[in-house]
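**Q** From first to last, the protein sequence lines are chains X and G. Using the numbering used here, you'd call the opening residue of the first sequence number 169 and step up by one each time. Using the numbering used here, you'd call the opening residue of the second sequence number 325 and step up by one each time.
Each hint can be trusted.
Beta-carbon label-pair distances, calculated as ranges:
(1) G:L374 <-> X:S234: 43 to 49 Å
(2) X:H242 <-> G:L389: 19 to 25 Å
(3) G:I352 <-> X:H242: 38 to 44 Å
(4) G:L619 <-> X:E280: 22 to 28 Å
(5) G:G512 <-> X:Q194: 35 to 41 Å
(6) G:K695 <-> X:K199: 48 to 54 Å
(7) X:L174 <-> G:G512: 18 to 24 Å
(8) X:P239 <-> G:R348: 37 to 43 Å
(9) X:S234 <-> G:Q373: 47 to 53 Å
(10) X:N176 <-> G:E430: 51 to 57 Å
(11) X:G271 <-> G:G814: 54 to 60 Å
(12) G:K695 <-> X:L260: 44 to 50 Å
(13) G:L526 <-> X:V264: 43 to 49 Å
Covered stretches of chain X (chain G as the covering partner; in silico rule of three or more C-beta atoms under 8 Å from a C-beta of chain G):
(14) 202-209
(15) 248-258
(16) 262-275
No lab work stands behind these hints: they were computed from the structure. Predicted model, so just to flag it, every value in this text is computed and none were measured. Glycine is no exception: its CB is placed at the ideal position from the N, C-alpha and C atoms.
What follows is the residue order along each chain.
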Amino acid sequence: MNAMGLLNYWFVIVLMMIGFYVLIAQGNLVKKIVGLNIFQTSVFVFYISMGKITGATAPILDSDWSVYSNPLPHVLILTAIVVGVATTALGLSLTVRIHEAYGSVEEDEINEMDE
Amino acid sequence: MMNHLPVLQVIIPLLAAPLCVIVRNGQIAGVIAVASSWVSLWMAWKIFQLVQVAGTISYNLGGWLAPVGIEYRIDTLAAFVLILVTLVGAVVTPYAITSVKKEIDESKESLFYAAFLLCLSGLLGIVVTGDIFNVFVFLEISSLSAYALIALGKDRRALIASYQYLIMGSVGATFIVIGIGMLYVMTGSLNMADLAILLPELPSNRIIPVAFAFLTIGVCLKLALFPLHVWLPNAYAYAPSAVTAFIASTATKVAIYMLLRICFTIFGPDFSFVKMQLGAILLPLSVIAIFSMSLVAIFQTNVKRMLAYSSLAQIGYIVLGISLFTNTGLTAGILHLFNHAVIKGSLFMALGCVMYRLNSVDLESMRGLGKKMPLTMGAFLVGGFSLIGVPFTAGFISKWYLIQGALEKGLWPVALLVLMTSLMAVVYIWRVVESVYFSEFGGSDADEITEAPLGLLLPTWALAILCLYFGINGTFTVLAASSAAANLMGVGS
Chain X
169 MNAMGLLNYW
179 FVIVLMMIGF
189 YVLIAQGNLV
199 KKIVGLNIFQ
209 TSVFVFYISM
219 GKITGATAPI
229 LDSDWSVYSN
239 PLPHVLILTA
249 IVVGVATTAL
259 GLSLTVRIHE
269 AYGSVEEDEI
279 NEMDE
Chain G
325 MMNHLPVLQV
335 IIPLLAAPLC
345 VIVRNGQIAG
355 VIAVASSWVS
365 LWMAWKIFQL
375 VQVAGTISYN
385 LGGWLAPVGI
395 EYRIDTLAAF
405 VLILVTLVGA
415 VVTPYAITSV
425 KKEIDESKES
435 LFYAAFLLCL
445 SGLLGIVVTG
455 DIFNVFVFLE
465 ISSLSAYALI
475 ALGKDRRALI
485 ASYQYLIMGS
495 VGATFIVIGI
505 GMLYVMTGSL
515 NMADLAILLP
525 ELPSNRIIPV
535 AFAFLTIGVC
545 LKLALFPLHV
555 WLPNAYAYAP
565 SAVTAFIAST
575 ATKVAIYMLL
585 RICFTIFGPD
595 FSFVKMQLGA
605 ILLPLSVIAI
615 FSMSLVAIFQ
625 TNVKRMLAYS
635 SLAQIGYIVL
645 GISLFTNTGL
655 TAGILHLFNH
665 AVIKGSLFMA
675 LGCVMYRLNS
685 VDLESMRGLG
695 KKMPLTMGAF
705 LVGGFSLIGV
715 PFTAGFISKW
725 YLIQGALEKG
735 LWPVALLVLM
745 TSLMAVVYIW
755 RVVESVYFSE
765 FGGSDADEIT
775 EAPLGLLLPT
785 WALAILCLYF
795 GINGTFTVLA
805 ASSAAANLMG
815 VGS
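Given these sequences and hints, build the entire structure.
**A** Shown next as structure tokens:
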């Protein structure tokens, strides 16, 4: 196993850390959701790339091929993508309502208002 | 029909939810919610009886055999938690009919019931399923609807609380997905029973411990173990009363159920507690949680917030029981899981009655309420005593077992801490008692404040009486908890 063979996992980790950092460091509620999305996307990439088998084709029956990629992780992640979309939609609609109620989407300003 | 009970348990509330949206009428939606939650309770009871007789039930979804198909698997622990969740659901829905009218816009009432039922079916799904990816899906169903329910609170801070919960909850859920992915890479299976067989056979490697870490941290975020608890107090304090009562007594408890499933069923007690030393991590965290959160609770002026912090301490007790890793400790954990849900349900519902009349649950505004609302405050008192652990209440029995478990392991400082923090519970409950019973009513509209309506009082007292009943006759809960604990400890050893 050399480093190149694990390249997809390196990308996953980098993407995950970018997303996680944005999620923690940003005080803007919309940017936090962007961070959450990047964080979740890295997991999608992780699942999709782990189903790939070297020298295999897409999992559609074909007489020329005998090795297929594993379709199950892809199917699983379809579910997770749907969940991610729902989370984003809910998060953004909450942000809209927070903006209506406070007139701001900056965390520190909102916290000041509630003191 | 009886064969399909495990799946019907999830499907009935799941189908009732869109029905509530279609009818667009708060009244009818309320009736649908009550009916489906009562049917759920009845089914949970039937399943519990079935498990007592026939042992673990396995149900293959769509006739596909496990591990290829999705399997629903109900053992003693699952049946016990099913009863808890449906019991709270069945008590809170009739309560919600009156409470929600006051606290939520009429146009949103039917949507409230839809979200409520989705949350219920998600929680039930987590309990019945034997497929680990299915757990994630149901977890998100229950969490997303919980975020929406909390955001329905009248105070604008409910929105912030819900947002915070959404961010933390999604991070937790994503951690769980990462863990599941790693397990799948290593074993090629998602079925819990299958994983339990495949995992010990793997050669020693680094991925399984990492997967274990991701899963436990994700779940601990969901169950609000110190220091991953920051989302909880605000979420409980600003959500509508019915929502607080329901979520406080079910959502974190189901997350603890997930923790038990992951540690004991999937990875096996040997791996989790001997090889990974999970107990050594959970024990100090739960001890800090119990002590610091009880301390913070004493200084709260909003009673709902005070109880939220007390919930965090109680979660500490439950996790403490689990971390002891003995039969008695585990029994205490599972017992307290059940008892605390009933106790907190009754307390939050009593506060909902106060909210209904006063529009506030501040300690200051509750002064002299004992004379104005004797029945409501009576229920609060019963719940409060039970929280402290006074003999002949449910809290006493679980704390008794917890102390026994700690002493069995020779951890007498921990046993002492349990006693000491019970005294701290006396302090924060006493602050309410003092304000309610021993000071004059301060409000100007003294004549308008009367006893809460019967629609709120009956469900509140139903749970309060259960607090007393399980304290006097603990046979049902203790037997169920100890057989569930024995079942968990037995796996893999």
